[in-house]
Amino acid sequence: MNPLAIRATGLTRRFGDLVAVDAVSLSVPRGSVYGFLGPNGSGKSTTIRMLCGLLIPSAGTVEVLGLRIPQQAEALKHRIGYMTQRFSLFDDLLVIENLEFLAAVRGVPKAETGARIQAMLREYHLQDCAQQLAGTLSGGQKQRLALAGAVIHRPDLLLLDEPTSAVDPESRRDFWEKLFDLADIGTTILVSTHYMDEAERCHRLAILDHGHLVADGVPADLAAALDGRVLKIVCAKPRQAQAQLLAAAGVLSVAQIGSELRVMTSPNPALRDRLIQLLAAAGIAATVAPTRPNLEDVFVAATHAPAAEQAA
Amino acid sequence: MNRRRLWAIMVKEIRQLRRDRVTAAMIVGIPSLQLLLFGFAINLDVRGIDAGIVDQANSSTSRALVQDLMASGVIVERERVATPAQLQDHIRSGRISVGVIVPADFERRLAEHREAVQVLVDGSDTSVQNAVRQLAQMPLSDARASPPSAISVLGFYNPERRSAINIVPGLIGVILTMTMVLFTAVAVVRERERGNLEMLITTPVSSLELMLGKVLPYVAIGLVQTSIVLLLGAWVFQVPVRGSLVDVYLAALLLIAANLSLGLLISTRAQSQFQAMQMGFFVMLPSILLSGFMFPFAGMPVAAQWIAEVLPLTHFVRLIRGIMLRGAALSDLHHEVIVLAVFTLVMMTLAVRWFRKRLD
Numbered sequence: 000m001n002p003l004a005i006r007a008t009g010l011t012r013r014f015g016d017l018v019a020v021d022a023v024s025l026s027v028p029r030g031s032v033y034g035f036l037g038p039n040g041s042g043k044s045t046t047i048r049m050l051c052g053l054l055i056p057s058a059g060t061v062e063v064l065g066l067r068i069p070q071q072a073e074a075l076k077h078r079i080g081y082m083t084q085r086f087s088l089f090d091d092l093l094v095i096e097n098l099e100f101l102a103a104v105r106g107v108p109k110a111e112t113g114a115r116i117q118a119m120l121r122e123y124h125l126q127d128c129a130q131q132l133a134g135t136l137s138g139g140q141k142q143r144l145a146l147a148g149a150v151i152h153r154p155d156l157l158l159l160d161e162p163t164s165a166v167d168p169e170s171r172r173d174f175w176e177k178l179f180d181l182a183d184i185g186t187t188i189l190v191s192t193h194y195m196d197e198a199e200r201c202h203r204l205a206i207l208d209h210g211h212l213v214a215d216g217v218p219a220d221l222a223a224a225l226d227g228r229v230l231k232i233v234c235a236k237p238r239q240a241q242a243q244l245l246a247a248a249g250v251l252s253v254a255q256i257g258s259e260l261r262v263m264t265s266p267n268p269a270l271r272d273r274l275i276q277l278l279a280a281a282g283i284a285a286t287v288a289p290t291r292p293n294l295e296d297v298f299v300a301a302t303h304a305p306a307a308e309q310a311a
Numbered sequence: 000m001n002r003r004r005l006w007a008i009m010v011k012e013i014r015q016l017r018r019d020r021v022t023a024a025m026i027v028g029i030p031s032l033q034l035l036l037f038g039f040a041i042n043l044d045v046r047g048i049d050a051g052i053v054d055q056a057n058s059s060t061s062r063a064l065v066q067d068l069m070a071s072g073v074i075v076e077r078e079r080v081a082t083p084a085q086l087q088d089h090i091r092s093g094r095i096s097v098g099v100i101v102p103a104d105f106e107r108r109l110a111e112h113r114e115a116v117q118v119l120v121d122g123s124d125t126s127v128q129n130a131v132r133q134l135a136q137m138p139l140s141d142a143r144a145s146p147p148s149a150i151s152v153l154g155f156y157n158p159e160r161r162s163a164i165n166i167v168p169g170l171i172g173v174i175l176t177m178t179m180v181l182f183t184a185v186a187v188v189r190e191r192e193r194g195n196l197e198m199l200i201t202t203p204v205s206s207l208e209l210m211l212g213k214v215l216p217y218v219a220i221g222l223v224q225t226s227i228v229l230l231l232g233a234w235v236f237q238v239p240v241r242g243s244l245v246d247v248y249l250a251a252l253l254l255i256a257a258n259l260s261l262g263l264l265i266s267t268r269a270q271s272q273f274q275a276m277q278m279g280f281f282v283m284l285p286s287i288l289l290s291g292f293m294f295p296f297a298g299m300p301v302a303a304q305w306i307a308e309v310l311p312l313t314h315f316v317r318l319i320r321g322i323m324l325r326g327a328a329l330s331d332l333h334h335e336v337i338v339l340a341v342f343t344l345v346m347m348t349l350a351v352r353w354f355r356k357r358l359d
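For the protein sequence lines, the chains are A and B, in the order given. Residues 0 to 311 (numbering that gives the first Met the number 0) are what the first sequence spells out, left to right. Residues 0 to 359 (numbering that gives the first Met the number 0) are what the second sequence spells out, left to right.
One should not assume that every hint holds.
Unchecked claim - Taking beta-carbon pairs under 7 Å as the criterion, some of the chain A residues facing chain B (in silico):
1) Thr60
2) Glu62
3) Leu64
4) Lys76
5) His77
6) Arg85
7) Phe100
8) Ala103
9) Val104
10) Arg105
11) His193
12) Tyr194
13) Glu199
Said to hold, decoys possible - Chain A residues, not near chain B, derived (Cβ > 10 Å throughout):
14) Pro2
15) Arg6
16) Ala254
As the list claims (entries may be wrong) - Example chain A residues on the side facing chain B (calculated, C-beta under 8 Å, incomplete):
17) Ser24
18) Cys51
19) Leu53
20) Leu92
21) Ile95
22) Glu96
In case anyone wonders, no lab produced these hints; they're calculated from the structure. Note that the structure is a prediction, hence the values are computed from the model and not measured. Note that the Cβ used here is the ideal one computed from N, Cα and C, for glycine as well.
Chain B on its own, in the form it takes in the complex (with noise of 0.2 Å):
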């Protein structure tokens, strides 16, 4: 390892991404939009329900159980009509997504314990017709009568059950395995494609010497993106960092090595930029799907879990979530940083080992 080499093949690296605008851009493009779009789009608690109504008791007692779901604010009231056929057109239209029909005999089919109110689901929307279903069980005959119920739900860390707390530091991974693997992978193919390659390789360059050369300048992009992340997290979503700030650097710098390392290891195989691009995607879709990132991890089936397992974003979240929401210590989840670790020293071994300094 030759340190002058070394350096040389850093400032290089710089000066090409300092005049690759549209990159240069998206190193900062990328966590900003990202970090907006999940943000605010990204609602996995489902508020705000267009519903329909009919109330064809017009009773006391209907009037208060109609008042009663729309104060749970899962569903509010955008339309009141007469009949039922009205509510299904309004469905059928995509004006409402939940009917609610009250029938004239309501009170008597209460008495008598049988089905008293029937709500419409607009079932192409799975989401919605989950949080309708939870809303169907809340007790229903004579509220103030019946006893609360039963089992009380109480979050921890995230009271008020906002995504963005459980996104933002789940995001940072998403977007560090995004970049990070794409940036690296595309980075050593085009240099193979533009025959750049053939020549470097007949100079006393190593190996080790242009692996690292090529990815510690975005170790230092990779903890940029960590801080837009963060900062706008705060700022705009006001996600606490409840841990150690050196901890969440730390499980940043993790992820990256690990998510370079593998870019390099692609690239080591890609032969132009598209076939790296697909690679990446390859690694990605998972990584963002399975990692329980979006969904939680112990509802996925034992064959997914596994895969999971092998991809760094899912360790990474188990860290973050760890370091962030709960205070928690990087000594409190060493089997993540060891996971992490290890990962990063077999894909960087097999990278350098298969980077081959010919062209055979």
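Next up, chain A with everything else stripped away, as it sits in the complex (with noise of 0.2 Å):
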């Protein structure tokens, strides 16, 4: 069997004279929780659409499954499911309509519908509002309830677009938890966020930003590649250090965190020596020192690029 899920080259999309997603290259393999990171309007949905079919691509190919893409779309869709960013299960619908009505869409077999239904409500928590209308329930169990119905024929793989864009922290672990789960029994999952806390427990994660793909690896690879190029400076001003720091050469970004100020540099050794120099000159008498790199770290420095190559 093809170890892969997903495999896209040189995949681009155009709209009008704005390429949304240019020339993005990406292998998913089977079994994997794969992310998407990036900003909003970074090429993500249009790249998840792509994939399942919705969008024709204006030049790339795509195997998804082992099927050509768009040309096998209708194949594909028995074999997928979709969760799109917005709630789009039947607000005027019972919550076990909902699923009545997917279950017989998605082709789950009819003996087995009434039971599969029963599993889902138990599994997604939603047996107390199975009578309620899809429309009155909150954010967190809509979300459950278009995650049961988008896996309710148990698909191979399982497209996710910001899912947890409406609920609070405490329903988003919950929900990756289900991720997990099904990921364990060999659904491919392909979800895209802007969440850090999010894309950090992915296997595998992609950050897209203004439709190129800048980033692509297991998180803590992508970290770990950072190594040395984050410094964190405690100092009295941090404010005004932060200004003098900018103007630098070689830093990428400074943020302030607390009290700290996390910066961020193009890969240059002897970078931090000149920075604790510029700070004096300055008048601001700091500590600097090299920190763990996190995955917003590497979402700066990927998104950051262009800018560091004008600035050399």
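Starting from the two chains in their separate frames, assemble the complex, guided by the hints.
Next up, the structure:
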């Protein structure tokens, strides 16, 4: 069996003059939770829609679960679950009616439908609101119902477009536990997000910025690649220090975290001493020490890359 | 085509419709209200126009003339005044629409074959004006001696010339056009607006299943509406069904199918419910005005007739009047049947083709 669930090369989508997705190449291994991290408008939704045949790519080739997309998109639709950013089930149907409808249209065998719906209600903690109109559910309940509806036919691939943007942190944590349960039984999951903590939990991660794929790998590896480039600066006047640092060559970004400054630099071992001197010259006493890079640093480094090239 | 998926969509549609109280009320409310409004309010025979009389001659001949005028029923005496100027004042104030002036020298004018009687008409309502102009054709000179009018008009099928008889059959078509086009167009566009469609197109549901599943429940609704109009028409206005009732329902089915496919076509183009409504009205107004439902087809300019020939309602009005009033069979009217069937086929094909299971 092909070890890859999704293979895309040179995937491009233009809307008029706007290039929403520009030559993105991806490989998603089967059974993994694969994350798409990027700001709004970075091309995450467009990419996901191209992968399941809802949008036709302007260029590039896509193969999903061994099927060529968009030519074989209809065959793919039997094997995927898709959860939209916005709640897209029927507000004016009961929870149980929504599940009945989705079981029928997604092809759950008729004999198994009743048991499957009960299992879904149990699994996603929806028993108490089974007879409630979907429109009256809370954000977290709606999201669980949407997920239950997307996996009721046990799809091989689950595509989730910012599934947690409208729910509280507690519901988000539960939601991710469910995703790992699904991955555990062999479901490949592609999930887009703009939350760092969610991105950190993925098996693999792709970072999109303005339609470009700017980083792709295991989150911990991506962070490790930045070792030595992140400095923690403790000083008395962080605001003034920040202004000084931002003007210095080789500094990509400065973020204040509490009373400390977190500085992302270009890869240059001599830079640390230069920055100490710079701050001393400005009359600011500071301690500057390397710190462990995290995913936020990966994101900043990846999305600031073009700016750094201009500076150099 | 998968029967289970088709059935699931129909069940969903019916469940949603049942919870939508307003729409459910409209299904029954629109036909009932329209029937009563059109049946009672639209009376194309103008009768009982308020008139004022000035009889300055006040002779037996002039009194007989005024009586003859009243006997037609077109005008009814409301005021009797002394001078023509008073009549004009009453017309201006709207108390009367017609003034009849019989001058003092009435009998001498008659003898000299000059204009003997003057009729003043409030011209701001053309139908009143037309009715009174017809009234003026009445032979005036010495009513007893003059021969009866050379041409007699004999009304077939509606001898009492009751408007309701002409209006009710066509009204079935008007109501089906109003509700069916809008219901379907809005039903599909609403799902697009609410984001349901983005989810539906990621499922194995095909365009044809989705279209048919949405449309079939409305076919049943259309037949219910047809029954309401037929029942109320028979009960309130004694409108007869001279042809076969089966033919009436078959004709209604043809129009329902035509309108539903048109509604679906609109839904593939409209981006919002508001746009869908606008497009619906764009079809509805010409349908009502040009189909022959209100104004006679024969009197329309050729260009308007061409437009009318494209509208399903035109063909339905011919079908249903033929069946209900003239007792014709559907097979006598096969031309209209074919036109409606072809219209449905073309619209449905375009709708299924234009409805993309994609977002671009």
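(request) Run the structure past the numbered hints and jot down the numbers of the failing ones, going up. (result) Checked against the structure, the hints that fail are numbers 1, 2, 3, 11, 12, 13, 17, 21, while the rest are satisfied.
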